[in-house]
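Asks: Model the full assembly from the supplied sequences, consistent with the hints where possible.
There are 2 protein chains.
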Amino acid sequence: MPRTTAGPELDHLISLLSKLPGYGPRSATRAALHMLRKRDAVMRPLADALSKVAETVKACSVCGNWDASDPCTICSDEARDRSVICVVQDVSDVWALERARAHRGLYHILGGVISPLDGIGPDDLRIDSLSERASEIEVREIILGMSATVDGQTTAHYVTERLEGRGLTITRMAHGVPVGGELDVLDEGTLAAALKARRPF
Amino acid sequence: MPRTTAGPELDHLISLLSKLPGYGPRSATRAALHMLRKRDAVMRPLADALSKVAETVKACSVCGNWDASDPCTICSDEARDRSVICVVQDVSDVWALERARAHRGLYHILGGVISPLDGIGPDDLRIDSLSERASEIEVREIILGMSATVDGQTTAHYVTERLEGRGLTITRMAHGVPVGGELDVLDEGTLAAALKARRPF
Numbered sequence: 001m002p003r004t005t006a007g008p009e010l011d012h013l014i015s016l017l018s019k020l021p022g023y024g025p026r027s028a029t030r031a032a033l034h035m036l037r038k039r040d041a042v043m044r045p046l047a048d049a050l051s052k053v054a055e056t057v058k059a060c061s062v063c064g065n066w067d068a069s070d071p072c073t074i075c076s077d078e079a080r081d082r083s084v085i086c087v088v089q090d091v092s093d094v095w096a097l098e099r100a101r102a103h104r105g106l107y108h109i110l111g112g113v114i115s116p117l118d119g120i121g122p123d124d125l126r127i128d129s130l131s132e133r134a135s136e137i138e139v140r141e142i143i144l145g146m147s148a149t150v151d152g153q154t155t156a157h158y159v160t161e162r163l164e165g166r167g168l169t170i171t172r173m174a175h176g177v178p179v180g181g182e183l184d185v186l187d188e189g190t191l192a193a194a195l196k197a198r199r200p201f
Numbered sequence: 001m002p003r004t005t006a007g008p009e010l011d012h013l014i015s016l017l018s019k020l021p022g023y024g025p026r027s028a029t030r031a032a033l034h035m036l037r038k039r040d041a042v043m044r045p046l047a048d049a050l051s052k053v054a055e056t057v058k059a060c061s062v063c064g065n066w067d068a069s070d071p072c073t074i075c076s077d078e079a080r081d082r083s084v085i086c087v088v089q090d091v092s093d094v095w096a097l098e099r100a101r102a103h104r105g106l107y108h109i110l111g112g113v114i115s116p117l118d119g120i121g122p123d124d125l126r127i128d129s130l131s132e133r134a135s136e137i138e139v140r141e142i143i144l145g146m147s148a149t150v151d152g153q154t155t156a157h158y159v160t161e162r163l164e165g166r167g168l169t170i171t172r173m174a175h176g177v178p179v180g181g182e183l184d185v186l187d188e189g190t191l192a193a194a195l196k197a198r199r200p201f
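Residue numbers (the UniProt record's numbering), protein chains in the order written: chain P, 1 to 201; chain Z, 1 to 201.
Just so you know, these hints were derived from the structure itself, not from any lab. Hints may contain errors.
If several chains are the same, the list does not tell them apart, and a pair holds so long as it fits within one copy or across any two.
[What the hints assert, rightly or not] EDC-like, lysine to aspartate or glutamate: derived pairs with alpha carbons at most 16 Å apart: (1) 52 / 9; (2) 38 / 55; (3) 58 / 70; (4) 58 / 9.
Replies: Structure, rendered in structure tokens:
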């Protein structure tokens, strides 16, 4: 049943919008209405931005990061520390770490984690290219930045095995209490890890 | 501060997405990521649909409804009852009533309500064109479908005054308990109106 009376184009737009994360048919209808009211300020610029990004942003052939240039801005930044590669699951992890200015080295994006239940094995991830990069003479340390989930840690172990015996320092991000977080809402695993890794105050 | 490392185009897209209702910077970033993963299924079709709707959908010169054709599909539908016009605030009200198949007559969209606080007076609404339409020989009844808010009811009174003395039947939608609604969450005004307008069972 159509959501509007304005014809198939608008209903098609609403059905596309309702596939966006956080949107359903009602909120997509509201968003379409909002955009129709602000055609020049929102709707047309959004259409242009979507086309432009769809055409220009692609995966970096070195690290797998998404960028309009290849190699990406991070891989081609001469000021970054080329001896440290932080391995993450996804592009959004790179964005988060960069917003935090937490890492001054390079990245390697796996594109997911090993997940037998979802049919994702090591060959579906960018592990071969990580192995190649890790053999480069300048690389000294690999930081494992996968999620602290079962699949994330399985992947971290697999990657570690693949990189062993090359004299690389392999580290992982610390587990602990999130900064600004309250103890009573944290799970037992995090609390145990945070206590075990306690440090002098 | 940029949300991503993928260059200004993607950050511009995210800033546009974050202006949509229900979206902020974080959810807009997630939406952009989702679309980048589904370029052919979501991103490009969405860009095309937005451009197409922005170009084709416009206000009906008769009733103010949005449609790709002018007069709109409803105004040009010969099967509809031309003697009854339902006056609503907004296009989304037409869509809601049409989804409910609640009204088989025509509509008139005011484009808002009189709201002195927001600087919206009668001249900012499509009241003159309603007055003209109401003078047509075939029009017998005007249904006031404004919101049951102070501004909505002020507007309803103003419209009624403008249309008085022409032999038109002017009605309003009934107040009462929403179908499927529970009594204990309803406000006093609705409960009082529902009791007052009670009907034989």
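Asks: Take the hints in turn and mark each one as holding or not.
Replies: Here's how the hints hold up against the structure:
In this homomeric assembly, residue 52 and residue 9 come within 16 Å of each other (Cα to Cα) only across copies, at 7 Å, whereas the closest approach inside a single copy is 22 Å. For the identical chains of this complex, residue 38 and residue 55 are inter-copy neighbours only, at 13 Å across copies versus 25 Å inside a copy, given an alpha-carbon limit of 16 Å. When the C-alpha separation of residue 58 and residue 70 is checked against a cutoff of 16 Å, the pair qualifies only within one copy, where the shortest distance is 8 Å, while the shortest distance between copies is 42 Å. Taking the shortest alpha-carbon separations for residue 58 and residue 9, only the inter-copy value of 12 Å comes in at or below 16 Å, while the best intra-copy value is 29 Å.
Consistency with the previously given hints is maintained throughout, with no hint failing.
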